[in-house]
Amino acid sequence: MSDKENDEAPRTAHEASGSVFDRLKHPTTTGGEPRERGRTASARDIEGEVLERGGMAPDVPEKVRPARKVGRRQPLTEKAAAAQAAAYSVPSDEEGTHVVPPGAFGVDHDPAQVDPREERFAEAQVSALFALTAVGVIVTCVGYLVIDPHRDLGRLINYAIGGGLTLALLALGAGFCLWAKKLLPHGMAVQQRGPHHSPEEEQLASEETFFAGVTQMGLGSRKMLRRSLLGAMALLPLPAVLLLRDLGPLPGTRLRHTGWKKGSRLVDVETKLPIKLGDIEIGGIATVMPEGFGKVEDHALAPTILIRFAPGEIRSKKEAAWGANDHVAYSKICSHAGCPISLYEQQTHHLLCPCHQSTFDMADDANVIFGPAARRLPQLKIDVDADGYFVAQGDYSQPVGPSFWERG
Amino acid sequence: MSSAAETGAKQTLRYVDDRLGSANFLRRSMNKVFPDHWSFMLGEIALYSFVILLLTGVYLTLFFHASSREVVYNGSYGPLRGVPMTDAYASTLHLSFDVRGGLLVRQIHHWAAVLFVMAIVVHMFRVFFTGAFRKPRTLNWHIGVGLMILAVLEGFAGYSLPDDLLSGTGIRIAYSVMESIPVVGTYLAYFLFGGNYPGQDFIPRLFIIHVLLVPGILLALISAHMMILWHQKHTDFPGPGKTENNVVGTQFYPTFIIKTNGFLFLVFGVCTLLATFAQINPVWLYGPYNPSQVSAGSQPDWYIFFLEGSLRMFPNLESNLWGHTISWNILIPGVILPGILFNLIAVYPTIEAWITRDKAYHNLLQRPRDTPVRTALGATLITFWGILYIGGQNDVLANTFHWSLQATTRTLQVLIFVLPALAFYFTRRVCLGLQHHDEELLHHGIETGIIRRLPSGEYIEVHEPLPAQRSEVLAMQLGHDLPDHAALSNGHGTNGTNGQGIARPVGPLARARASLEGFFFERREAKADSEDDEPKTLTRP
Chain A
1 MSDKENDEAP RTAHEASGSV FDRLKHPTTT GGEPRERGRT ASARDIEGEV
51 LERGGMAPDV PEKVRPARKV GRRQPLTEKA AAAQAAAYSV PSDEEGTHVV
101 PPGAFGVDHD PAQVDPREER FAEAQVSALF ALTAVGVIVT CVGYLVIDPH
151 RDLGRLINYA IGGGLTLALL ALGAGFCLWA KKLLPHGMAV QQRGPHHSPE
201 EEQLASEETF FAGVTQMGLG SRKMLRRSLL GAMALLPLPA VLLLRDLGPL
251 PGTRLRHTGW KKGSRLVDVE TKLPIKLGDI EIGGIATVMP EGFGKVEDHA
301 LAPTILIRFA PGEIRSKKEA AWGANDHVAY SKICSHAGCP ISLYEQQTHH
351 LLCPCHQSTF DMADDANVIF GPAARRLPQL KIDVDADGYF VAQGDYSQPV
401 GPSFWERG
Chain B
409 MSSAAETGAK QTLRYVDDRL GSANFLRRSM NKVFPDHWSF MLGEIALYSF
459 VILLLTGVYL TLFFHASSRE VVYNGSYGPL RGVPMTDAYA STLHLSFDVR
509 GGLLVRQIHH WAAVLFVMAI VVHMFRVFFT GAFRKPRTLN WHIGVGLMIL
559 AVLEGFAGYS LPDDLLSGTG IRIAYSVMES IPVVGTYLAY FLFGGNYPGQ
609 DFIPRLFIIH VLLVPGILLA LISAHMMILW HQKHTDFPGP GKTENNVVGT
659 QFYPTFIIKT NGFLFLVFGV CTLLATFAQI NPVWLYGPYN PSQVSAGSQP
709 DWYIFFLEGS LRMFPNLESN LWGHTISWNI LIPGVILPGI LFNLIAVYPT
759 IEAWITRDKA YHNLLQRPRD TPVRTALGAT LITFWGILYI GGQNDVLANT
809 FHWSLQATTR TLQVLIFVLP ALAFYFTRRV CLGLQHHDEE LLHHGIETGI
859 IRRLPSGEYI EVHEPLPAQR SEVLAMQLGH DLPDHAALSN GHGTNGTNGQ
909 GIARPVGPLA RARASLEGFF FERREAKADS EDDEPKTLTR P
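So the protein lines, in turn, are chains A and B.
All letters in the first sequence, in the order written, are residues 1 to 408 by this note's numbering.
All letters in the second sequence, in the order written, are residues 409 to 949 by this note's numbering.
So here's chain B without its partners, still in its complex pose (with noise of 0.2 Å):
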């Protein structure tokens, strides 16, 4: 660095801290260390996704009219010139014909939103099956449900926005889910649409919830989560020289920050690419909304699927009691089952504290296999959210396929009991599998092929002993969910609780804790059966 700059830097930087007392600070910021692992690098995903969308959707609010006035087009999209549409249509079609660049634009928009929202549920994945979300970051995963909601309504009221033929259904579907809601049903639709659907006044109304009102609520969320994490540190897998009260890793400044830097840049570069190349959302195919019109084949945008998969395959139940219509086939799927998937998502580490007793700190991560129990829970509601985004496009399947759209939902209909059933037991199967092979190799060590005959005439295989380092991480893994809250209790004498003397369970509510806690560590009671070997000591951080 030159004399001249160096003294510039360092001005501004005494500027500041003359001002902020910052100077501390930074130099913590700045040493701050950030492990590394792969799948580490999947929220960064969604929060570079979160940057592109800001910086394209201030683009495009430039040139889009939020206004269901009816004009005539006449620009240069040649089919649907002279054609009366709303001007929000008119104008998507201006930002993508007339205003060069603006079609890129509006798909780099359109592809940031599909990775943000798959980005998240990956990264909920992985925090999910390594058991991130324990104390004490729980309130993060609170925020990041919010978080995955919030992305998700967005994404539909952005693409709900062009108003043209695809999605003037969707909103049509969801002013009937929101009729279906009982008592206050009709009037939320009412309000929220002005009147009798679709009425002029939604989509000004969408406009600024799509621009202001939920990336605002979503710019707060992000920002406590990623305080959150600043604060308490990102979690690490166990390994060499790891413990539960270390980081080891890569420091921010300057390494971690060029690297993120040139990922931010590199998630901005694929969704330039992808806007480039591959086509989304072509408005000027579908045509202006019509309510008397709809397409063979609507599809939503990909995190809606399941949604629709739910409406389309739930039986046909309606009640008419006291004068008063509740349809069930609309209300359980497009309200309820959401409703109950999502908070069980949300208080599933309440659930999972409770059951087991865990009220140690954690920021030594799980493999998967070191908890069959919640690997396969999870297992099972991705099963059944899969069936459900199956069940979304049930018609181009049997299209496609030439099967019976009838038996293809019916086959839906059954294998969303049948699958996750099945996801669970071989889910759990295979952790316990993996378990047990882990087991082995650390109190056997490796097969090395090599056969050797003892002098009383055996034969056996020689096993080479595992490196000690790797044994000591193996044996880090394998003992994270051994049940011995005594040596986990963070000594926090006001909690006072600890794994010694728990009282035999009184009362139902007991009784089903400790009957949970049992299943969920069945694989305590399964070694102690299958193995005789003297008890391994773990060290345990």
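Bound conformation, chain A alone (with noise of 0.2 Å):
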């Protein structure tokens, strides 16, 4: 204590005590000297007893003293102490690399050391576990040339040949583990680590020869050259940004385009049949596609989901107009990230996206009730043609699917 803090300590158990503050900030013992706060006596405090670890008191009987264990590691013995103490003072030598006694770190199982029928039994493991690999080995071969590779769709040869590469691996691994720990010597070992950088005049010198160069080459003094250079460089990559334009088409007025025509039928995209007045029951839907589109892949867009109401059901006054007989057709393309949205709920027409759960509100023009997307989807006009099917009145009247920098 320094004597300033001296200077400030109550020199009465009276002056003290005097106030609780007093006493909290500056505590005393109950005899009335002074005490450092917030700390319970140590052993070390008390006078005339000498308390060595592991024999905390005479009267404590062996058994029931805590089994408090601090750290895994041993204290140190003083003769593992000293070759601690040796092996760090030893310089470090060429490759930096001294074996010391395991001992040193308080390591109290030395490999080293073992009885050699344990050892010949650590081998034996080590061993066998060899050989298991060996059996496992011989399980996949066997299992690959006798089993039926289609029976029970494959299972039971995935079953054989993989179940058998386990054994093998899992085996080896094992062995090559039981190895290290068993048998192989544990002595630690230190290493000097050296400095992380270089020595202060090699940078002084390897930033000299740069900056030599540099002056050599002229790019600070020699502006032409420089400018030319910087030119020359900055226009190398053009043939390559060039050469990446045949990577596909320029968008254009692509994405506005879905392959609905004036006049297209409605076709089922399963049974690629057109749909008719009739063919959806109420509360029924069906995606469709435009006839003769042949495959989904070339029509990515064009995926329309028809929606059969029950007559006044459809809210929207606009909806009802672009639909037909109670059939709206909408894109089935996500207007949030474009996926095909597919589950359809009869009584309360919302029509959810498995995606990321948009959810739009089918008899109200798929207003958007719930999730991330934030446009409504595109309607399909349709009509009904004279011998009742379903055509569209032309394409959609906005881009369909996901938004993007151009869509406007």
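Note that these hints are calculated values from the structure, not bench results.
Please note that the accuracy of each hint is not assured.
[What the hints assert, rightly or not] Facing chain A, from chain B, some residues (calculated, C-beta under 10 Å): (1) Thr-420; (2) Val-424; (3) Phe-505; (4) Ser-584; (5) Ala-597; (6) Asn-604; (7) Thr-663; (8) Phe-671; (9) Gly-677; (10) Gln-701; (11) Ile-734; (12) Ala-806; (13) Thr-808.
Keep in mind it's a predicted model, so treat the numbers as computed, not measured.
The C-beta atom is built at its ideal place from N, Cα and C for all residues, glycine as well.
Got two chains here, separate frames each, mind docking them using the hints?
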């Protein structure tokens, strides 16, 4: 304690026990002597008691002593401490590695000292594991050659060769680990790290070399050279960029067209048959494509969902006007991330996208009622032709699917 | 070793050394010391799963056809016979059902990929929470972040290749995310896919990205990562006899190399075990890709969940200005958020060193409790990521527990702000509490449970002093974040920085730094208030 602190400390018990505040600030023992606050007396403070580790108090029987163990490592024995000190005091040799006895680090188990019988047993264990590897390999090979690969959809051969291989690999790995653990020397080694950076002279020398080169190249002084070089280097990537041009067509207005034309019949995507008035029951839906679409992959923006409502269920006037006979057609491609929307709830007329759960109220012009989608689904104007088939009155009036910069 | 084999080995070593002069390097390498701690295995798991991925991946390329050409399936999987599909999907079915062991190798590959990303992430946790990223290992942290991002991309590319219904849906979303980028979005998407989604060109292009481009970069970066590790030597936790200037452990040859090889086989064995008995990505159940279909409960691999979650949870913002549309509801959760997240992770070491003015070299690791603010920041980020992860399966959760989907999503939208803040607060409190406990242990020793009465009548509990070695280590651990940079400064004259003589902060940046520094080292002030022990002398290496 410094002198200053001494000055502030109370001189008498009375002084110290004046107010609660003072007592808290300058605690005293019950005897009135100043005492450090917040600190219980440690064994060291008790006069006349020498408590040694492990021998806490003579009257406490061995077994009921708290089995508190701090850390896993044992304290150093004198001999080990000496060995450790010696190991660190040795200047690092060329490769910087010394091997020190395990005891130096408080490792109580020294595999080098094991009983030879134990060592033979360990060897047998490791060898047994390696033998298991061989067994696993044989199981794999026999399974591969003998089992009918089509039996039970290939499940059987998969179990046989997979099981064999698993056995082989796990046994091999376990064998290696056991070998390292039980039979290899565990003497701890110490290696000096050495500096992470070069000596300062070396840094200076290398900087000097670098800048001498810069001077010689004249990039600082020869302006014309520098500028023409920069210009040339700036142009050089141009051919590379240009060569990438033919990776694909320019977007143009392609994202605005879906393949629907005036008069295209609505064709069921599965049966490829045109859909007639009455094919869909009230509350039913169908996924449709324009007639003669070929493959869906070629018209990935075209998938459309045709829904039949009960009369009077459609709440939006525009929706009813764009539909025909209580049937309406909406794009199936989500206006959020482009997933095909597929979950329709008949009672509520909600259409839910399974990817990100955007929900559209199909009775209210596909209004977004939940989820990350920001726009209604575009509606396809439809009509019924003379033969009673549904036909499109044209392409979608706005781009289908997720938004993009040029969408407008 | 028999003498013939010995002579042979000697001759080989001579042969190599005569040409490369490698004897000294070889001897130093064999004697290299590696410290021992279970958490150092995490990086090894990542490395070995990469080896497994290369081995199994090469096998898969022998059978996979990276083509969108339409074929009619005619293999031995009955339910899909006669169905038109792409060659990519058909060859995946062929590999799974008509090549003996093909399914096994495919599943090992997929499980190893899942393990690869997982091991990388957990390894990063270890490096982050122990401060192993600090100088001089900053560059290796940057490389590691790059590896993590590439591993995620590589995984996504991998499960997109079979062109089943699930992977097609993932690609469709990726296309939309690309489209959402302002100005260049549609061009990017068109050039990558060769036109409108899905097109014929994407699968072959993705294939070459997956099997050549990204693995090539991964391989180069992993080599650099390992070489830097080798050169700088591994970090270690403080322990008896361990200092900032030495490495204590086992030598590379023979003990470490045998152990680590065993570990390689164990990792391989675990992947094979999973591949044999735990089905992963059964593409035949999903069916071929069709842009007009999607299955409910579409789920990506685990490392994409956070992106899926951010897409699901973000509010539906879109703006239309001057004839241009920006869909913030995709741009922010799909592009900007992961961009910020990954960049923050990458620059964190620089930010921390700037705040703490720490220019010293660190070879000894810290325990998470020794740096409460860093640990709390890590917990905050993990919690944030965790909510996004859960958000990626809100439909599955709602369905499983019969919750309302809307309520689930709205709750997560609130929790993503609340829980990270709570995580920060509680983690910091727990760290400070643990520190306090350690201080107590260091100063007062261990409680023995023995109560004694002093001559003055006072009862005290007898404390047993800590073993010298243990208290030395503890002091080392607790003292690590003390900001005495004068002592920490590496004596690197040219840097011209040490803790002494820092002028009063001038300018807003410097003031911000000063207050952040106080925040980071809060513990010191807290301690000064609560304990008036004589200042302990910490032994610092």
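Going down the list of hints, with the structure as the test:
{"no.": "1", "hint": "Thr-420", "verdict": "violated (21 Å)"}
{"no.": "2", "hint": "Val-424", "verdict": "violated (19 Å)"}
{"no.": "3", "hint": "Phe-505", "verdict": "holds (6 Å)"}
{"no.": "4", "hint": "Ser-584", "verdict": "holds (4 Å)"}
{"no.": "5", "hint": "Ala-597", "verdict": "holds (8 Å)"}
{"no.": "6", "hint": "Asn-604", "verdict": "holds (6 Å)"}
{"no.": "7", "hint": "Thr-663", "verdict": "holds (5 Å)"}
{"no.": "8", "hint": "Phe-671", "verdict": "holds (7 Å)"}
{"no.": "9", "hint": "Gly-677", "verdict": "holds (3 Å)"}
{"no.": "10", "hint": "Gln-701", "verdict": "holds (6 Å)"}
{"no.": "11", "hint": "Ile-734", "verdict": "holds (7 Å)"}
{"no.": "12", "hint": "Ala-806", "verdict": "holds (9 Å)"}
{"no.": "13", "hint": "Thr-808", "verdict": "violated (15 Å)"}
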